[in-house]
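Residue numbers (our numbering), protein chains in the order written: chain A, 1 to 115; chain B, 1 to 112.
Treat each hint with caution, since some may be false.
Calculated lysine-lysine pairs in the DSS-like style (CA-CA distance at most 25 Å, straight line) [stated by the list, open to error]: (1) B/LYS60 - B/LYS111; (2) A/LYS83 - B/LYS111; (3) B/LYS68 - B/LYS52; (4) A/LYS42 - A/LYS78; (5) B/LYS77 - A/LYS42; (6) A/LYS83 - A/LYS42.
Because the hints were derived from the structure by calculation, they are not lab data.
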Amino acid sequence: EPEVTQTPSHQVTQMGQEVILRCVPISNHLYFYWYRQILGQKVEFLVSFYNNEISEKSEIFDDQFSVERPDGSNFTLKIRSTKLEDSAMYFCASSEQGGHTDTQYFGPGTRLTVL
Amino acid sequence: GNSVTQMEGPVTLSEEAFLTINCTYTATGYPSLFWYVQYPGEGLQLLLKATKADDKGSNKGFEATYRKETTSFHLEKGSVQVSDSAVYFCALSAHQGGKLIFGQGTELSVKP
Numbered sequence: 001e002p003e004v005t006q007t008p009s010h011q012v013t014q015m016g017q018e019v020i021l022r023c024v025p026i027s028n029h030l031y032f033y034w035y036r037q038i039l040g041q042k043v044e045f046l047v048s049f050y051n052n053e054i055s056e057k058s059e060i061f062d063d064q065f066s067v068e069r070p071d072g073s074n075f076t077l078k079i080r081s082t083k084l085e086d087s088a089m090y091f092c093a094s095s096e097q098g099g100h101t102d103t104q105y106f107g108p109g110t111r112l113t114v115l
Numbered sequence: 001g002n003s004v005t006q007m008e009g010p011v012t013l014s015e016e017a018f019l020t021i022n023c024t025y026t027a028t029g030y031p032s033l034f035w036y037v038q039y040p041g042e043g044l045q046l047l048l049k050a051t052k053a054d055d056k057g058s059n060k061g062f063e064a065t066y067r068k069e070t071t072s073f074h075l076e077k078g079s080v081q082v083s084d085s086a087v088y089f090c091a092l093s094a095h096q097g098g099k100l101i102f103g104q105g106t107e108l109s110v111k112p
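Chain B extracted, bound-state conformation (with noise of 0.2 Å):
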């Protein structure tokens, strides 16, 4: 079945240092790739999405590629801020009704 794995947390980093939270899928078909990011004590916003190979992704200094060869989504930003302190998840979309398969979620620490 389908499934998405993410790399394990907590990572901890300091301000304005480079981040990558790698994400791998296993799906069939041509599926919608997502990340959505949980703020302490809030819902899960979207924070950027991909929906066919090759596309990039991207929002607020984040960036994520859909890589078709390597079933690879890997979230990245150049320089992390304090507020970038979250819990990330990617997430996949295969079908209509699109419902949403979660990774386990990488918690983000970033120290000033």
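Next up, chain A with everything else stripped away, as it sits in the complex (with noise of 0.2 Å):
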């Protein structure tokens, strides 16, 4: 069954520092979001992604984010410069058609760490 990819399962990040996390959507999903899930908390969207261009955006989703699809693959996460509240879980998701009925589904996700 496909599934969804995310790399590195775990990053270690000094403040101020940059970090890209890295996701693989399912091959024919044309819809791909970020979420995160800081510890012990609800998971919160973050962006939804279509057409090569952000669909929506919640507030946490700052000038310090960004997302990008640089291949026909791969659907990645910057954070410009990290602070100490970025520490949490970052799920990526997809799913096929974008619709409120659609399934999305979550990758593993990448937990980000930021001393």
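Two chains, two frames, some hints: make the complex.
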């Protein structure tokens, strides 16, 4: 069964450094998403991406964040200058058509630790 | 705005006990409703979903019915197993683009 993959599984970085989290969505899916889960808190929507542009973003997704689909398979989340409060589990997801009835398939997550 | 509220955990049950995890939502329009499960050390997996009022989603012995009149989507299972120990998330999606809005998650621990 096709699955969403994410790398790395765990990233440790110093405050102020840039990080890039990588995802490979399911190949025939058109909508891609990033979510994050701070330890002990809700899973929160960050951004959705369709047709090579941001479809929707949350208040969390400020100028420090950016997303890109650099080739036909990867989908990346970049945090330009990490802060302590960016420490969280980051999940990538994809869905076939992006409709509100569609299932979103999640990757296993990247645990980001900012020191 | 749209939101989801779940009962707080952790919930601890003995094997073969009946499970209910309550979920209520606030949304404009007609959202789709989902239950996702997160097993220890893993990502989120869809457990079941319902896309319109009175629909029942079911999978692996779990069921949930979309109740518009009570804005609820409670998760039930008649007889839980140790392997059901996980965190369960209720979520909704309300428009094209389909961002998911999650509840806070309910941790279930099933003891032999």
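Evaluated hints:
no., hint, verdict
1, B/LYS60 - B/LYS111, "19 Å, holds"
2, A/LYS83 - B/LYS111, "39 Å, violated"
3, B/LYS68 - B/LYS52, "9 Å, holds"
4, A/LYS42 - A/LYS78, "21 Å, holds"
5, B/LYS77 - A/LYS42, "23 Å, holds"
6, A/LYS83 - A/LYS42, "19 Å, holds"
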